[in-house]
Each structure stands twice: as C-alpha cells, then as structure tokens.
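Model the full structure from these sequences, guided by the hints.
Protein chains in written order, with the working numbering: chain A, 701 to 989; chain B, 195 to 317.
No wet-lab data here; the hints were simulated from the structure. Bear in mind that the values here come from a model prediction, so they are computed numbers and not experimental data. Beta carbons: idealized from backbone N, C-alpha and C, even for Gly. Worth double-checking, as some hints may not be accurate.
Just a sample of chain A residues kept apart from chain B, beta carbon distances all over 10 angstroms, derived [said to hold, decoys possible]:
hint	residue
1	ALA733
2	HIS797
3	GLU892
4	ILE896
5	LYS905
6	LEU912
7	ILE956
8	GLU982
Below 27 angstroms or equal to it, Euclidean Cα-Cα: the simulated DSS-like pairs (lysine-lysine) are [as the list claims (entries may be wrong)]:
hint	chain 1	residue 1	chain 2	residue 2
9	B	LYS288	A	LYS917
10	A	LYS853	A	LYS792
11	A	LYS958	B	LYS212
12	A	LYS958	B	LYS232
13	B	LYS288	A	LYS914
14	A	LYS916	B	LYS288
15	B	LYS314	B	LYS288
16	B	LYS307	A	LYS958
17	A	LYS777	A	LYS740
18	A	LYS831	A	LYS769
19	A	LYS905	A	LYS916
20	A	LYS889	A	LYS874
21	A	LYS840	A	LYS740
22	B	LYS307	B	LYS296
23	A	LYS842	A	LYS721
24	A	LYS792	A	LYS740
25	B	LYS288	B	LYS307
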Amino acid sequence: MQDISKNSSQLYRITYEAYSKFANKISRCATLAEVGEVAKTHLKYLFNFHIIRITIAQEEGHVFFSLTKDAVDFDFKGEAQLLAHEKELYEKEIPVHTTNIPEEWLERNIDTSTIVEPELWGWLFNNHSRKITVTLISDKIKNFGVGDIEMLKLTIDCFETKFHEISLARLLDKKNQSLTEALNLIQVKNEEIQSIVNNQKRIIKQRTSEILEKNKKLLHISALNAHNIREPLSRIQGLIGLFPHFDDAEIRSEIIPKIETSAEEMDQVLQEVILMATQELESLTMEKE
Amino acid sequence: MNSVILVDDQPITNFITKKLLQIEGITIPISDFTNPAKALEMLLQQKGEDDMVILDLNMPEMSGWDFMDRLIENQYTPRIVILTSSTSDLDREKALDYSFVKDYIIKPLNQNKISELCTKHCK
Chain A
701 MQDISKNSSQ LYRITYEAYS KFANKISRCA TLAEVGEVAK THLKYLFNFH
751 IIRITIAQEE GHVFFSLTKD AVDFDFKGEA QLLAHEKELY EKEIPVHTTN
801 IPEEWLERNI DTSTIVEPEL WGWLFNNHSR KITVTLISDK IKNFGVGDIE
851 MLKLTIDCFE TKFHEISLAR LLDKKNQSLT EALNLIQVKN EEIQSIVNNQ
901 KRIIKQRTSE ILEKNKKLLH ISALNAHNIR EPLSRIQGLI GLFPHFDDAE
951 IRSEIIPKIE TSAEEMDQVL QEVILMATQE LESLTMEKE
Chain B
195 MNSVILVDDQ PITNFITKKL LQIEGITIPI SDFTNPAKAL EMLLQQKGED
245 DMVILDLNMP EMSGWDFMDR LIENQYTPRI VILTSSTSDL DREKALDYSF
295 VKDYIIKPLN QNKISELCTK HCK
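Here's what the structure looks like:
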C-alpha cells in the first residue's frame with residue numbers, strides 16, 4: 701500500500717476534507733458546548749495537541765475556550781484569568797514557543813504523566829481588529845510543528861467567527877430580555893394608570909350624579925316653594941279683584957277674612973321656605989368643610 | 195253644557211271662581227269640591243252629562259294629574275280647564291298632552307280671564 705505521507709496531493713485532499721467537515725459542523729453550532737463537542741471530534745485530524753486554549757479580548761475582560769482530548773471548558777462572562785504568557789502576548793504580540801509551562805495550569809487540565817517533554821506554543825492574532833491569543837500544548841508524542849501553524853490559523857478563524865456569532869446572539873438575547881422587561885414594566889404602569897383613570901372617572905361620575913341629584917332637588921324645592929307662595933298670593937289677588945262687585949259691608953264680612961286667612965297662609969309658607977333654605981345652606985357648608 | 199264643577203283643595207279659590215262665573219252671567223249649576231276624590235265619584239256617577247271641570251293641579255290628597263288619569267281609566271273624559279298657580283312650562287305642556295284638557299289658566303283668576311274662558315267654552 702502506498703504511504704500517504706509521500707503523496708502530497710492525496711494528503712492535501714484528506715486535509716481539505718477534514719477541515720471542510722470541521723468548518724461545516726462548527727458553522728452549524730448554536731452553543732459553546734456544541735462547538736466543544738465538534739472540536740473534540742474533528743480537531744485532532746487537523747493537527748496534534750494536548751491542550752488548545754483560546755482567549756479573546758472584550759471591551760471589559762477576556763473570555764476563554766479550552767479543549768483537551770477529553771474535556772471542554774469555557775467562560776464567556778468576561779471573567780477569565782489570563783495566564784502569564786497570555787498577558788505578555790496581549791502586550792507585546794510576540795509569538796511564544798517554550799518548554800517553560802505553568803505547571804499548576806497544566807496539571808489542572810491533563811494527566812502530566814502521559815506527556816513527554818511538553819512544549820507551549822503561543823500566538824496573538826488580530827482578526828477583524830479583535831485580539832485573540834492561542835495557546836497550544838504539544839509533546840514528543842503529539843508533535844506540533846511550524847508546518848501546522850497555517851492550519852491552526854484557519855481553525856482559529858473558524859472558532860473566532862463562531863464565538864463572535866454566539867456572543868452577538870447572547871447580546872441580542874440580553875437586549876431582548878431587557879426590552880421585554882421594559883415592556884412588561886410599561887404594561888404594569890399602563891395598567892396602574894388605567895386603574896387610576898378609571899377610579900377618577902368613577903369618582904367624577906359619582907360626584908356629577910350627586911351634583912345633578914342635588915340640583916334636581918334644589919330645582920324641585922324652588923319650584924315647589926314658588927308654587928306654594930303663589931297659591932295664597934293668587935287668592936289674595938283674586939279676592940281683591942272681586943272688590944268692585946261687593947259693597948263695603950260684604951267686603952268686610954266676606955272678603956277681608958278670606959284675605960287675612962290667605963295672608964297668614966302665605967306668611968306660614970314663607971317661613972317654611974326660609975327655614976328650608978337655611979337648612980340647605982348649613983348642609984352645603986358642612987359638606988364643603 | 196249642563197254644569198260647571200270646580201275642583202280645588204282651597205275653598206277660597208272655589209269661592210272666587212264661583213263668584214266670577216256668576217258675575218259673568220253663568221246660570222247653569224256650579225258645584226265645588228275641595229276633595230277631588232268626591233268630585234271624581236260624582237262625575238263618574240253622572241257619566242254622559244255635558245260637564246266642564248275647572249281643575250287645580252297641586253292638591254294634597256289627589257293631584258290634578260291623578261284625577262285626570264283616573265278619568266281616563268274609567269273611560270270618561272269631560273272638558274277640563276286647568277286652573278293652577280304653577281307657572282312651569284313643563285306643567286303646561288304635560289297638561290295639554292291630555293286631549294280633553296281644553297284650556298290652561300294661571301292663577302290669579304280675574305274677570306278678564308273668566309270672560310275669555312266663557313267666550314271659548316260656555317257659550
């Protein structure tokens with residue numbers, strides 16, 4: 701069987717196919733966990749590594765994504781702690797290739813007994829003016845070479861685009877949530893305002909009805925009073941109108957007593973009207989107070 | 195017209211009306227009632243006679259409105275002339291809604307008003 705490593709065009713086709721699969725699957729991911737799963741399955745066909753760690757500078761803080769053979773870890777809240785060489789990469793932008801690896805971090809991520817002469821590779825990329833650091837741990841068994849850097853750059857582009865998309869989706873989601881909360885608040889306030897308006901309307905309606913009722917009562921009282929006063933007055937006027945048809949004796953004996961009776965009745969009615977008006981006035985004054 | 199019936203709770207008003215009618219030369223019988231219920235009873239007893247009722251509106255036991263409604267209930271509607279101290283247009287309009295109300299006079303009654311009334315309804 702032919703050794704593929706010596707057939708460059710076949711090797712190119714295999715690599716191209718592996719990258720296509722990786723890029724295709726990454727583009728379909730909706731979450732960081734899904735990105736992690738795809739990377740765990742496909743990245744090993746593109747280059748060797750024990751750990752690959754990506755950090756991206758945000759407006760405030762950094763986010764990170766880390767992958768080993770068995771585990772995926774990420775923190776996109778912008779609270780990631782940078783490793784010492786990453787801080788240097790952000791400051792100086794000079795790639796790193798060293799055997800001096802932060803031990804604690806290494807032991808936290810992989811079983812160090814399985815690796816032989818580990819090496820740390822570090823780069824800083826500027827993708828669409830977004831700064832990204834990439835840290836890769838390789839060793840004698842899982843060897844990484846300068847020839848792999850081009851493929852690494854392609855995969856980092858792919859990761860970065862997806863991370864950016866997820867980050868925008870999260871931002872949009874957050875904004876949507878804020879808008880929904882604002883909308884809910886507006887609805888609650890609207891309901892409160894509507895309730896106040898309805899209450900005011902009810903009070904106005906009630907007060908208007910009370911005023912109308914009072915007006916009606918007062919009109920009725922004034923009409924009744926006017927009628928009650930006019931009644932004895934009209935009798936007095938009618939009796940006076942009879943004077944020419946009676947002689948003096950008849951006027952004194954028949955008409956004058958009737959005028960007196962009517963006048964007394966009129967006085968009585970007027971006193972009642974004055975009493976009623978006084979009581980109404982007092983009740984209005986009390987209500988006002 | 196066979197008779198004139200005066201219905202007013204105030205006997206002095208009936209006295210004035212009766213005197214003015216007599217002065218005007220009315221010779222047909224004039225009866226007067228201060229109790230509208232009794233006047234109604236009498237009217238319903240002699241149904242069919244050509245009577246004219248001079249009726250007050252504001253009476254304590256039975257108002258002029260109730261009086262007329264009772265006549266309608268009993269399907270007897272003699273000529274009615276309202277004689278009231280009310281100056282309300284509402285009362286006037288309401289009274290003239292009754293088809294058998296022929297006139298509406300506001301007190302005080304005097305010789306001129308009685309003459310006009312008699313010219314229209316007695317002769």
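Check your understanding: Is the Cβ of GLU982/A more than 10 angstroms away from each Cβ in chain B?
Key -> holds, 28 angstroms
**Study point:** 27 angstroms limit on alpha-carbon distance, applied to hinted pair LYS958/A and LYS212/B
**Key:** Within the cut-off at roughly 15 angstroms; holds.
Review point. Between LYS777/A and LYS740/A, does the CA-CA distance stay at or below 27 angstroms?
Key: holds, 22 angstroms
Review point. Does the alpha-carbon distance linking LYS831/A and LYS769/A stay inside the 27 angstroms limit?
Key: holds, 26 angstroms
Exercise for review: Take a quick look at HIS797/A and tell me if its Cβ sits farther than 10 angstroms from every Cβ on chain B, holds or violated.
Suggested key: Holds, because the least Cβ-Cβ distance between HIS797/A and chain B comes to about 110 angstroms, which exceeds 10 angstroms.
**Study point:** LYS288/B paired with LYS307/B [C-alpha distance capped at 27 angstroms]
**Key:** holds, 21 angstroms
Check your understanding: LYS842/A and LYS721/A: Cα distance at most 27 angstroms?
Key -> holds, 22 angstroms
Check your understanding: Under the criterion that the straight-line Cα-Cα distance not exceed 27 angstroms, is the pair LYS840/A, LYS740/A satisfied?
Key -> holds, 21 angstroms
**Study point:** Given pair status - LYS792/A, LYS853/A, alpha carbons within 27 angstroms
**Key:** holds, 19 angstroms
Exercise for review: Would you mind confirming whether the straight-line C-alpha gap from LYS905/A to LYS916/A stays at or under 27 angstroms?
Suggested key: Judged against 27 angstroms, a Cα distance of about 16 angstroms means the pair holds.
Check your understanding: Is the straight-line distance between the alpha-carbon of LYS307/B and that of LYS958/A 27 angstroms or less?
Key -> holds, 21 angstroms
Check your understanding: Would the pair LYS916/A and LYS288/B pass a check requiring their Cα atoms to be no farther apart than 27 angstroms?
Key -> holds, 19 angstroms
Of the numbered hints given earlier, the model fails hint 24 alone.
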